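K.L.:
If you read the sequences in order, they're chains A and B. Residue numbers for the first sequence, in our numbering: 1 to 353. Residue numbers for the second sequence, in our numbering: 1 to 343.
Don't read these hints as lab results, they were simulated from the structure. Every clue listed holds true.
Straight-line alpha carbon distances no greater than 25 Å define the calculated BS3-like cross-link-like pairs of lysine-lysine that follow: (1) A:K280 <-> B:K154; (2) A:K278 <-> B:K47; (3) A:K280 <-> B:K47.
Taking CB as the label site, the calculated pair distances span: (4) A:K98 <-> B:N119: 42 to 52 Å; (5) B:A26 <-> A:D26: 46 to 56 Å; (6) A:E207 <-> B:G156: 36 to 46 Å; (7) A:M135 <-> B:R286: 27 to 37 Å; (8) B:D146 <-> A:E313: 32 to 42 Å; (9) B:G34 <-> A:Y119: 25 to 35 Å; (10) A:D26 <-> B:R121: 26 to 36 Å.
Not the full set, but computed from the structure, chain A residues with beta-carbon under 10 Å of chain B: (11) L228; (12) L268; (13) G287.
The structure displayed is predicted, hence computed values, not measured ones. A virtual CB, placed ideally from N, CA and C, is assigned to each residue, including glycine.
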Amino acid sequence: MATTATTADGARKKLLEVKGLRTYFDVEGQTAKAVDGVDFFIHENEVFGLVGESGSGKSVTALSVMRLIPDPPGWIDGGEVLFRGKNLLDLTYDEMRKIRGNDISMIFQEPMTALNPVYSIGFQLTEALQHHQVMSRQDARERAVEMLDLVGIPDASRRLGNYPHEFSGGMRQRAMIAMALSLTPHLLIADEPTTALDVTIQAQILELMLDLRQQTGDSSIMLITHDLAVVAETCERVAVMYGGKIQEVAEVKRLFTNPEHPYTRGLLASLPRPDRVKQKRLQTIPGIVPSILDFPKGCKFWTRCPVKEDVCEQVEPELVKVEEGHWCRCHLVSAAETPPVEAPAGEPEGGTE
Amino acid sequence: MSDSTGKSDGKLLDVKDLKIYYPIHAGVFLKKVGDVKAVDGVSFTVKEGETLGLVGESGCGKTTVGKGIMRLVDVTSGTIDFTTKAGETIDVVPLDRGSMRPIRAEVQMIYQDPFSSLNPRWSVGDIIAEPLGVHMPELSGKERDDKVAWLLEKVGLRGEQAGRYPHEFSGGQRQRVGIARALATAPRLVLADEPVSALDVSIQAQVVNLMQDLQEEFGLTYLFIAHDLSVVEHISHRIAVMYLGNLVEIGPAREVYSNPIHPYTRALISAVPLPEPSMGRPDRQRLVGEVPSPLNKPSGCPFRTRCPLAVESCAGDLPPLIEVAPDRQVACPVVAGDSASGA
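Chain B on its own, in the form it takes in the complex (with noise of 0.2 Å):
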């Protein structure tokens, strides 16, 4: 579990220019009429042992990036370079069903809705055994169990409640047995699709903590998908900002949060509450009107149509991400000027 192969240069994941449309078909003949871009063109890498964040709001493409690394959907092109355990590089994009098995031991997934994401007609100790099943099936019987009840204990539970189902246990508990689950196979990298949004505030903490401690004892790479910037500002390391299927900026954690440059990671920073009533947020930006939809985006900028600081050049090419500081990027030529000289 922790024997991580030294590697080139420690990224884990790389994923560039990803995109991934789904078609609409409409008419008699289904003929193909346009595409919904859910992601159009996103790339960025994921060090061993760090926690990237992506944010953004409802609609902006997050989890259809976990959904694409796992190949749960077709991906439309781009590439996504994974590094085994075994310390080899490989793009998991063109891989069939087959092929793709392996990687997805080291590739794991935790879900937001603890209610329906663990089979209610299943112990949890069966829903912990399964990804064993599948991905070691040289291990015997006892030595699953065995697995099983290691597994519930790493995640705050006891090995004895693996005969137990789902609705015996609280959301919390469920989130845990979750987690479990993902770590059954060992995996490298775990992508945490809103881990806590549906938990209840003293739990979410519980949780919070939990993903953390695991991530020091199994050198665990995470990929947090969610929309509480708080919480991600929190467990991030690194923090990437989405908008309607493009990144708009990266970078460390607290400078994406404390300083953000792209004026819609500003407008989306300015909009957490705080729980600080003498505070009140006098800095914040008020942004007009909601997300285009995907179906007919902006051309150029796609957050050009919001944005207060919009020039007439925003409607032309889609901007790139330019790096302003060391490890930092934002896809915004008319504020990243002003940042790199400032820098």
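For reference, chain A alone in the conformation it holds in the complex (with noise of 0.2 Å):
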């Protein structure tokens, strides 16, 4: 499997990747950084997490990589979405429209706000089938049927003619998953797909969403979440973002042992768990998130960090390579070497594929 993910010397190839990413939007005159200057890259045949608070920028990062962002009042103000080497910044509407769906599609937080309420799930299934893929009716109705019986739909075939609101949350959920993977997208673009979901719910859509990965091949996934514990059983790396850059990318492994960004630690830290020894009070990150008008100057955690010092007031830290796969953004912590020039979330020699 992740044979096919490589290049001739061994290294895995990237699907997507995302470069000096900006994306801002007009509020009441002033503007607002929502993303601004986002590197990372996602390998061919992975699951990668993006994680961060709410007004963190990790939504508005997804819609700005499938193009979906309203304009007026946003818009992408500079950078390179790189898909398969193509730069999809630069496409038309109608270039843009035939890649969604067929090589990127989306899944959202509320099935019930991205399914259509007056058109029935089958409809809605089949409606993307035939757009994209040339393809009958009647087929489209199979593959349909075959889709909601792979998510674990029961009696697909009479449930195609039921509308949402017939389905419970988790079933609009599967419905959404089914709809998003049914053309076999390359990359699957996940916007807190369990967040309104119970958790045994949520145990199950993660479940469908890795093996259906497994099945289709060497699709890759973009999981956006708040959840630290989410990410830590399915992600293979992740990256963590905090007003509108990442702060640090690492395998998940890495991150979660050996956090290296004052802002991941304080995360770590805050977190319940209820599989270790108790302890009396959680540790706490001080302060609030600022409003996403008026992040500080320099260091965007500085006003929350418990050990910043006075650089990091002035200057915004770079993102530097602190070991092999592992970059972070913080005055305090060194580079591995010297840091690279820019400072690209991707490995410094890496240009277009």
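Join these two chains into a complex; the hints should help.
P.N.:
This is the structure we're talking about:
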């Protein structure tokens, strides 16, 4: 499986590479820099997590990749989104339409708002199939039944005629996944796919997403969540966002056992740990997440950082490599070797494939 | 505030066989055609000074239990005995609005959504002062302002912020305002319904710590209703697990978490993701299907339709809570026998 995703020299191929992405919004005359210079990449056949609190820019990053930023008030101010080497930001509207669904598809947090309430589930599933793949109505219907079956909706052929309100929350999310995966996209972007669901259903849905990925071949998943525990269980690599920037990227095991950024450390320490010896009090990150309009100058996190120094208030740190596959944006964390000239989350030598 | 009168057996709240049904009406004459059995015979006690965590998935009836205790919904049957500051034990179920009012001062509520539970047109000072106006009308304006400032400081805000409006605060700060409002009448019991679910991870821990500090300072008793088992396990002394309107297991928090006995509790706890990448959950018990509708509950044990251990007799009567160890009860005759002999 992994062999298909490597280049000749043994390195894994990058499916998506985001470089210097900036997405801004106009908020009552002020510019909200929701995403302000984001760099990361996703390998082929990889589950990649993007973690952050509300307002960190994680969803805007995903919507920018899909080119779904409402304009106005928002716009992509700069950067590149390279999908298999092609910059999606250069595509025309029609070209991008072909990419969505076929190559990259997305599932959202609240399936009730993402599904159209006045069309049956079957119609919504087959519509996408007929639009993107030249397929007869009969074939599309068969494929739709097959997909609903695959995501574990019982009695799928009868269920095609149901409307979204006739499905439970978990079933709606399954239907969304069926829809998103019916065209076997190379990249599935899942934005908080289980946040609205109960834990037992969450476990079912996450398992389902991972299972289907194996079945459909070499696709990658970008999982956006605020829940570090979900990341720990499902992802291979993870990026932590705060204040519209990536603050730390690493393999999941590295990040959880050896977090470098004070924000990542704070987040991990503040989680209640029922699997460990009970602490009387939880550790906290002081203060509040600043409003998107007044993130501080310098490091975005310094106002809440327990170890900040004077330099942090003035100079924004670069994302530097601390060890193989592990980058961190903090003045107090020293780079492995000489820091790269510009600060890409990708390998410094990595250009376009 | 700290004048806790000594009481019979330390039970602040004693709920017995609580049933809350919502009638369904249909047809031209709106004839009653059935009931949604939201809470279907729930019994538990909350001791003074403890935190009882009430957990379960959406639709299990945990919020309705809280509303029943506050008498915000009509109780179908059962008793809810509350021991007042004066040491009297009163069943709140038959009380009318007027006689419920003094109890309301002693039982307060914290809500989930700090964005919709505060009136956006009122300053936070007015929001916190409102229960004071109702329950302590004898206070002068100055006394009331002082009390509001004192409460704001108790929850980690500043007294001079009383003139600000909810939109000027972040989610976590609003939840602090909600807590200050709940504490205004010096309650003994605080029902907290998902108080941290809407908050960001880094803010959740702050609010959980605040609630624990206030509990220590004022001797508060909490009924902590939530679906996040990790948070509930952290804050609670005991945990009660609900499924489809019934309690299935109750016991000390750590024990219920680390050694769940009821098949539903086991599945629920094994589904909780842990922030530990190396571990995985090989022990994860996958539940099939979804929670049945409370409109037509299965006969007997409500969990039997999804239970891996279900036997024929489970369809008979509703299994009662069986004591399997001191302070530990489980509503499953199939597993209770094993654990009782093991304990």
